[in-house]
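Visitor: When the sequence shown is numbered by this note's numbering, its final residue is 623 and no position is left out of the sequence of numbers.
Since the hints were made in silico from the structure, they are not lab data.
It is possible that part of the hints are untrue.
Dumping the calculated DMTMM-like pairs for lysine to aspartate or glutamate here, alpha-carbon to alpha-carbon at most 25 Å [unchecked claim]:
#: 1; residue 1: K464; residue 2: E406
#: 2; residue 1: K555; residue 2: D436
#: 3; residue 1: K555; residue 2: E405
#: 4; residue 1: K464; residue 2: E405
#: 5; residue 1: K555; residue 2: E494
With beta-carbon atoms standing in for the labels, derived distance ranges [claimed, not checked]:
#: 6; residue 1: Q491; residue 2: G403; range: 18 to 26 Å
#: 7; residue 1: T556; residue 2: Q402; range: 22 to 30 Å
#: 8; residue 1: F472; residue 2: P531; range: 36 to 44 Å
#: 9; residue 1: F596; residue 2: R500; range: 34 to 42 Å
#: 10; residue 1: Q402; residue 2: R429; range: 19 to 27 Å
#: 11; residue 1: V607; residue 2: G403; range: 21 to 29 Å
#: 12; residue 1: Q434; residue 2: V396; range: 29 to 37 Å
#: 13; residue 1: Q402; residue 2: V490; range: 40 to 48 Å
#: 14; residue 1: A595; residue 2: T495; range: 37 to 45 Å
#: 15; residue 1: S435; residue 2: S499; range: 18 to 26 Å
#: 16; residue 1: L379; residue 2: G546; range: 30 to 38 Å
#: 17; residue 1: G467; residue 2: T431; range: 42 to 50 Å
#: 18; residue 1: R500; residue 2: A543; range: 20 to 28 Å
#: 19; residue 1: C593; residue 2: I483; range: 23 to 31 Å
Note that beta-carbon positions come from the ideal geometry of N, C-alpha and C, so glycine has one too.
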Amino acid sequence: MSAPKKGLYVLPSLFTVSSIFCGFLAMVLAVNAQGAEEIHRSALLIALAMILDGFDGRVARMTNTQSDFGVQLDSLADVISFGVAPAVIVYQFALKGLGFFGVFAAFCFIACGAIRLARFNVQAAETGGASRYFTGLPIPAAAGLVASFVLVMTGLGHAVAPPAAVAPAAVMTLALGGLMVSNVRYKTFKKVRVVPHEQALLAFVFVIFAIGAVQWGGAIALTACLAFYVVMGLFGAMVGVGRRGIHAMVSRIED
Numbered sequence: 369m370s371a372p373k374k375g376l377y378v379l380p381s382l383f384t385v386s387s388i389f390c391g392f393l394a395m396v397l398a399v400n401a402q403g404a405e406e407i408h409r410s411a412l413l414i415a416l417a418m419i420l421d422g423f424d425g426r427v428a429r430m431t432n433t434q435s436d437f438g439v440q441l442d443s444l445a446d447v448i449s450f451g452v453a454p455a456v457i458v459y460q461f462a463l464k465g466l467g468f469f470g471v472f473a474a475f476c477f478i479a480c481g482a483i484r485l486a487r488f489n490v491q492a493a494e495t496g497g498a499s500r501y502f503t504g505l506p507i508p509a510a511a512g513l514v515a516s517f518v519l520v521m522t523g524l525g526h527a528v529a530p531p532a533a534v535a536p537a538a539v540m541t542l543a544l545g546g547l548m549v550s551n552v553r554y555k556t557f558k559k560v561r562v563v564p565h566e567q568a569l570l571a572f573v574f575v576i577f578a579i580g581a582v583q584w585g586g587a588i589a590l591t592a593c594l595a596f597y598v599v600m601g602l603f604g605a606m607v608g609v610g611r612r613g614i615h616a617m618v619s620r621i622e623d
């Protein structure tokens, strides 16, 4: 294999490893936080990890360097950056005062995220990754909601969650964990296509826009977008249940 080709194989992994670094640094900042600014930065790092995670797979496909190694590394990175790191952040920010229940809620988020990724890897191997839907809420979306919650609260000047926000934070953490291991379907958006020569420019513009939006007041917008994604999956699940119920009722009437 030529040196340039080897370099291309390394490129997607650089994005993945950078995502791991963001997750690790986010945990360091959260654990050692002395005020709202450090917690805010730790949540921003989760948002940055989401951007990097979105690039590694696309870069691999653009350069035709997909590999089983990349798939496994990406899953391990997701557990760290979108499982452990958000759980540590929300625990330090909102759940610490709940004692064992706070620890349990944060752990459930991590465990459900790991289970979600393991299930995804098995299903992707069976289908060749061609499905238009995820089964269960993707772990980056769950992590993004945790991060955006912290960003909104720290943007209001809170170094720790106010008492009124502690219970909602615990419920959110557990609910997101449950959604990750649920059978609710969420769109993958893998069918979105961009002209090849425009991909690099769009990627650059997206990075600048995303970082700027989150840094300068985009936390609420990020929360709204991710919440809409979650609700759309739940709405689709309810519609599916309703349709199956109607079909079953019609079948019984016909019989």
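Visitor: For each hint given before, does the structure comply? Return the numbers of the non-compliant ones in rising order.
Guide: 3, 6, 7, 8, 9, 10, 11 and 14
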